[in-house]
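Construct all of the structure, not just a fragment, from the sequences and the given hints.
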Amino acid sequence: MPRILLVAQDKGGSGKTVLVRALAECLPAASLIEIEAGRRLVELDDRLTFFPVRAERGEINRTGGAAARAEFDGVLNAMAAAEGPVIVDVGANTAGSLLPLIREASGRYGRRGITFALLVVITSEPGALANAPVLLDLAAPFAAARFVVENQVEGPVDPAALKGLGKGITLGRLERLSLDARANELLQKGGLRFIGEDLTGAEDNLAAQFGFAEAGRIIEDLTAFRARAMAAAAPAAAWLEG
Amino acid sequence: MARPPATVQDRLRAAKEAERAAARRVREASRARLTELLRLAPRERLTHLDDPALTGPDRVSLRRSIQAAFARPRRRWWPQGRLLARGRRLGVALLRGAFHPAVLVLLVIAGGWFELARRATPQVGRSVYPLTTILTRPDGSRMSYTFPVKTWVPVEHLEGDLAWVRVWDERQGYLYGAVWRSDFNLSPTR
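Residue numbers (this note's numbering), protein chains in the order written: chain A, 1 to 242; chain B, 1001 to 1190.
No lab work stands behind these hints, which were simulated from the structure alone. No experiment lies behind these values; they were computed from the predicted model shown. Ideal placement from N, C-alpha and C gives every residue a C-beta, glycine not left out. Treat the hints loosely; a few may be bogus.
[Claimed, not checked] So these bits of chain B aren't anywhere near chain A, every CB distance computed over 12 Å:
#1 Leu-1049
#2 Leu-1054
#3 Arg-1086
#4 Gly-1087
#5 Val-1103
#6 Thr-1121
#7 Val-1128
#8 Pro-1148
#9 Trp-1164
#10 Val-1167
#11 Gly-1173
[Unchecked claim] Derived coverage of chain B by chain A (criterion: at least 3 residues anywhere in the stretch with Cβ under 8 Å from a Cβ of chain A; other residues may be distant):
#12 1015-1021
#13 1024-1034
Put into structure tokens, the structure is as follows:
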């Protein structure tokens, strides 16, 4: 039975894409759908279907969501055609429009044996805090499981706010990790897949470029970041694995 | 070629193992560099205080090794400081011993016994002359008794010109009698 995990947070910069990359690392068999204004998961191109979102928030609001609905046909079709586990990276300002459409069609998806789950990334940023319960409520009628990952990139989230998200939600945490500046640069370029597959092989190049000691620290930082991001995404990945 | 781990748990385990291995490699490289640097003369070591190959703890070790090398030993001709320190330690140990609960309990018990003995001890007077008194036994019979001159006489209490004295008898306990108060010097104990 195909399982689809929607990774959402309408506030940008919350770390959705990192979590999607971590999920992809946890489950190499999963295919990915990216709904974004621009393609970001370039290193996962062989597993990815990209759907650009052109409608801006202002236009979506003005047309009562019609501008977005027309754009989501391709996404809804791709999900209906799912055959195995699928990770959907729902870009910023998109989940609020997409989730109601999935809810409307949930009966039809159900007849195809497709089950949905939602993973919301939450940070201490007020916009992200406010958006998380909205998305969780929207998904409640059709999601078989709901996950929240607290990304501590901007500091820990108030425990009362996490508790207030309600029952039946699995919580995960991505601790803040200060990366070496060059490690961060490599992370932005290569993503977690590069760390998992090519980093050890690249050690000699890194040592030639930055020196033996710094290369070691870069590798230490990146492998630590990958392991922690995967640990934060693991409960959702386990659901997706079935 | 080894196949990549298949399940989520296996991949998570492999990622954590990779993290540990990377950290181990950095630690080992830093330790090897520190061993090299420690072989250098202290002045040369100074130039490597910010060596990028060293982890934080190893940098601290290097700094301490330099501090130890440059510290000038102080020669003591008179071990005054050491004796004072020993005395201070002894004082602290005694103070701690004095406040030990067992010591406090013993002090309370001893205090109780002391107070009991103090209350049971009568005033003592020294006889100026030989003092003759009639002592009353517990059975009511009487006997004559004389205190020799210049002896200590236990005075139970004073009553006008009289002083009530007591004498211990091994078979009958205390025997009481009265003498003239003016016949002996009273001790200032009460």
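Going down the list of hints, with the structure as the test:
Under the 12 Å C-beta cut-off, the non-interface status given to B:Leu-1049 relative to chain A holds; the minimum distance is some 14 Å. Separation of B:Leu-1054 from chain A is inadequate, the least Cβ-Cβ distance of about 8 Å not exceeding the 12 Å criterion. A cut-off of 12 Å between C-beta atoms confirms that B:Arg-1086 is not in contact with chain A; the least separation is 48 Å. Consistency note on B:Gly-1087: stated as away from chain A, and its beta-carbon is indeed over 12 Å from all of that chain's, at 51 Å minimum.
Against chain A, the non-interface label of B:Val-1103 holds: every CB pair exceeds 12 Å, the least being about 50 Å. Here B:Thr-1121 stays apart from chain A, with its beta-carbon at least about 72 Å from theirs, past the 12 Å limit. Against chain A, the non-interface label of B:Val-1128 holds: every CB pair exceeds 12 Å, the least being about 91 Å. In this structure B:Pro-1148 is separated from chain A by more than 12 Å, as the shortest Cβ-Cβ distance comes to about 93 Å.
Listed as a non-interface residue, B:Trp-1164 keeps its Cβ farther than 12 Å from every Cβ of chain A; the least gap is roughly 83 Å. Listed as outside the interface, B:Val-1167 is consistent with that label: its C-beta sits roughly 85 Å from the nearest C-beta of chain A, beyond the 12 Å cut-off. Against the 12 Å criterion, B:Gly-1173 stays outside the reach of chain A, whose nearest CB is about 80 Å from its own CB. Figure legend: the region 1015-1021 of chain B, annotated as covered by chain A; annotation consistent (5 residues with Cβ-Cβ distances under 8 Å, at least 3 required).
A count of 5 residues in the region 1024-1034 of chain B with a Cβ less than 8 Å from any Cβ of chain A is obtained; the coverage claim is therefore met, three being the minimum.
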